[in-house]
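Colleague: Make a model of the complete structure from these sequences and hints.
In order, the protein sequence lines correspond to chains A and B. Each residue of the first sequence is one higher than the one before, starting from 1 at the first, in UniProt numbering. Each residue of the second sequence is one higher than the one before, starting from 1 at the first, in UniProt numbering.
Check the hints yourself; a few may be wrong.
[As the list claims (entries may be wrong)] Quick list of in silico lysine-lysine cross-link-like pairs, BS3-like style, CA-CA up to 30 Å:
#1 K465(A) with K420(A)
#2 K48(B) with K227(A)
#3 K490(A) with K420(A)
#4 K48(B) with K98(B)
#5 K490(A) with K115(A)
#6 K227(A) with K162(A)
#7 K509(A) with K490(A)
#8 K115(B) with K420(A)
#9 K253(A) with K227(A)
#10 K98(B) with K509(A)
#11 K420(A) with K117(B)
#12 K490(A) with K29(A)
[Unchecked claim] Listing some non-contacts, in silico: residues in chain B with all C-beta distances to chain A over 10 Å:
#13 E56
#14 S62
#15 A77
#16 P83
#17 G92
To be clear, the hints were calculated from the coordinates, so they are not data collected in a lab. Glycine is no exception: its CB is placed at the ideal position from the N, C-alpha and C atoms.
Chain by chain, the residues:
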Amino acid sequence: MNAPNQSGWKPTSPVTGAADGTNTVTGNKALMLEEPLIFEIGNCETTGVDLPEPDLSSNRLGGFARDAEIGLPGLSEPETVRHYTRLSRQNYAIDLGLFPLGSCTMKHNPRVNEKVARMPGFADVHPLQPVDTVQGALGVINELAQWLCKLTGMPGVAMTPKAGAHGELCGILCIRAALEAKGDAREVILVPESAHGTNPATAAFAGYRVENIPATAEGRVDLAALKARLGPDVAGVMITNPNTCGLFERDMKAISDAVHAAGGYVYCDGANFNAIVGRVRPGDLGVDAMHINLHKTFSTPHGGGGPGSGPVVLSEALCPYGPLPFSELHADGTLTLVEEETAGERHPHSFGRMSAFHGQMGMFTRALAYILSHGADGLRQVAGDAVLNANYILRSLEDVLDAPFGASGPCMHEALFSDKGFADGMTTLDLAKGLIDEGYHPMTMYFPLVVHGAMLIEPTETESKAGLDQFITALRSLAERARAGDETLKAAPIHAPRRRLDETLAARKPVLTWSEPEVAPGEPSLSEQGGS
Amino acid sequence: MTRYFTEDHEWIEVDGTSATVGITDYAQSQLGDIVFVETPAEGATLTKGGDAAVVESVKAASDVYAPVSGTVTEGNAALEGDPALVNTAPEGDGWFFKLTIADASELDGLMDEAKYKEFVDGL
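Modeller: Pasting the structure below:
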């Protein structure tokens with residue numbers, strides 16, 4: 001009964017032409033296993049659990065009992081395990097190789113983090129436990145908070161935001177609360193062209209009107225244009241530093257001073273903190289709020305491997321408005337939580353709560369393990385090596401790929417190239433698809449928008465020189481093919497489980513639910529085939 | 001009828017006090033395959049240079065700005081079901097919205113076709 005694929009369904013092999021013996025009957029290619037959708041292999045008669053027959057003679061559903069099939073596929077446990085294991089083998093992951101997505105900081109996730117996070121005292125606690133039974137967990141939150149304040153030179157930190165954009169929202173809501181407390185109804189947030197795409201979305205979500213500030217020819221914020229726009233209607237600016245052109249905003253202090261003089265606040269997008277951790281303290285640059293992606297700079301899993309976590313460091317001016325709850329360390333070494341019940345006395349100006357509980361506990365333990373295992377000197381080296389690796393890529397490829405800001409000096413943690421010099425008809429997308437054939441996840445592409453056909457590559461510090469050299473060799477070969485107009489690149493990927501997908505059709509006519517395909521008259525449907 | 005162009009690659013065709021707005025052929029070629037268009041609602045008041053519509057391609061989402069101030073009289077409903085019209089006929093059936101112009105003098109700073117071509121050639 002429980003034999004896999006009872007329906008006898010056979011996937012269509014992506015390769016045609018069996019004459020040379022390269023095709024197989026199953027569609028599998030040795031360890032490259034084809035896998036149908038779960039709905040195509042499951043059927044209602046199979047189950048992975050053995051439950052007693054329910055007594056349906058009476059229920060308390062008041063007439064709401066379901067009278068049709070629920071439509072979920074039934075699979076045995078081994079079928080389920082194999083299905084997801086087979087799919088996972090068609091995926092790419094940081095544990096398989098270099099993952100050069102720019103502005104994503106896909107660095108290695110050290111195993112010591114995992115060991116610490118799995119300790120029962122951290123892994124098995126519940127956020128609703130009495131606080132005197134979770135003093136160790138609160139201690140982790142508190143110690144991590146102190147490290148984040150120290151590394152950024154900021155007096156306070158909100159630990160509850162769940163990811164980068166959530167942290168941005170937290171920071172902007174603090175700015176809003178601070179302005180409202182002064183009775184100041186400013187309406188505009190300025191966002192430079194070189195900022196992350198989430199920044200304008202955050203400002204708009206918080207009720208602000210967004211205005212762009214142009215970039216200079218060398219890829220940095222146009223300070224004169226920014227100063228010219230400042231005024232009594234500007235609540236603040238959101239600046240990504242280092243920016244998405246891979247450059248450090250050298251005028252950051254001057255920008256902050258100008259914004260403060262005009263009565264506004266400075267939000268810094270800290271997604272690229274990996275380039276400057278241990279070397280630059282945003283507090284010294286006049287930043288009022290900055291989120292820190294623990295899942296980037298502090299190596300917690302990311303991109304399907306785990307939830308994000310985006311604590312927000314706050315300046316003296318914004319600290320009173322930070323969200324609830326937070327942990328508070330007392331003189332006797334005990335920790336308590338400041339929540340709504342106690343906030344009236346301890347934290348009366350908070351803008352409110354963003355998260356049900358204390359934040360992403362599992363990420364806090366990992367991030368603290370990362371910080372403690374590296375130490376201050378190790379973190380400083382992280383930034384140095386991340387920048388060195390990116391510059392190695394930038395300078396190794398600038399003879400075959402156009403580096404629009406190559407003359408602006410060293411890049412920070414990511415190298416930015418454009419499609420200038422490609423033969424007519426060859427695109428950044430073709431090169432990205434070619435990278436898949438070479439066994440790499442593609443880089444960030446078509447972002448930032450200020451660069452034509454942008455390719456943004458962030459190798460991180462965890463790649464060896466040998467690993468970088470192999471990547472550079474692959475990218476050099478693809479760049480040369482794009483410059484030469486090699487039409488075979490248009491067909492890439494050739495070696496992936498599926499060939500090039502129609503992204504335009506998928507965006508224009510998305511099919512988000514599975515339904516049984518129509519079958520030709522006379523042929524049994526999949527479910528009929530799948531019967532016993 | 002006269003057609004004007006902006007530096008943000010919108011075109012506006014003026015017929016008395018009413019006008020039709022869209023994005024240029026150059027704009028659609030840079031954006032690539034358009035997958036979604038959001039046009040302003042009828043009756044919306046637009047300010048010259050302010051956000052008027054949103055256009056999304058496989059590469060990016062971009063704002064479309066109002067070339068002049070005015071009141072929207074119609075959004076192009078055809079784009080909802082067939083955003084590809086912006087690729088195939090950007091300066092025809094792929095128009096975005098029509099509006100009643102509030103102040104005709106705002107047209108003065110815009111480019112004519114020859115000037116816009118020169119502008120694009122210089123990019």
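Colleague: Classify the label on A77(B) as holds or violated, using whether its beta-carbon is more than 10 Å from each beta-carbon of chain A.
Modeller: Per Cβ check, A77(B) is outside 10 Å of chain A; nearest 16 Å; holds.
Colleague: Checking one constraint from the list: CA of K48(B) to CA of K98(B), max 30 Å. Satisfied?
Modeller: 14 Å, holds
Colleague: Has the given pair, K490(A) with K29(A), been kept, meaning a C-alpha gap of at most 30 Å?
Modeller: Satisfied, since the Cα-Cα distance of roughly 24 Å is no more than 30 Å.
Colleague: For the pair supplied as a hint, K48(B) and K227(A), confirm whether the alpha-carbon distance does not exceed 30 Å.
Modeller: Roughly 22 Å separates the two Cα atoms, so the pair holds.
Colleague: Can the restraint linking K420(A) and K117(B) be considered satisfied, given a maximum Cα separation of 30 Å?
Modeller: Holds, at about 21 Å.
Colleague: Is the nearest CB of chain A more than 10 Å from the CB of G92(B)?
Modeller: 20 Å, holds
Colleague: Is the claim that E56(B) lies outside the interface with chain A correct, judged by CB distances over 10 Å?
Modeller: 8 Å, violated
Colleague: Does the alpha-carbon distance linking K490(A) and K420(A) stay inside the 30 Å limit?
Modeller: 17 Å, holds
Colleague: Assess, step by step, whether the Cα of K509(A) is no farther than 30 Å from the Cα of K490(A), and give holds or violated.
Modeller: 23 Å, holds
Colleague: Is the Cα-Cα distance between K115(B) and K420(A) 30 Å or less?
Modeller: 25 Å, holds
Colleague: Going straight from one Cα to the other, do K490(A) and K115(A) come out at no more than 30 Å?
Modeller: Violated, at about 45 Å.
Colleague: Below or equal to 30 Å on CA atoms is what counts here, so check K98(B) against K509(A).
Modeller: 27 Å, holds
Comparing the model with each numbered hint stated earlier shows that hints 5, 6, 13, 14, 16 do not hold.
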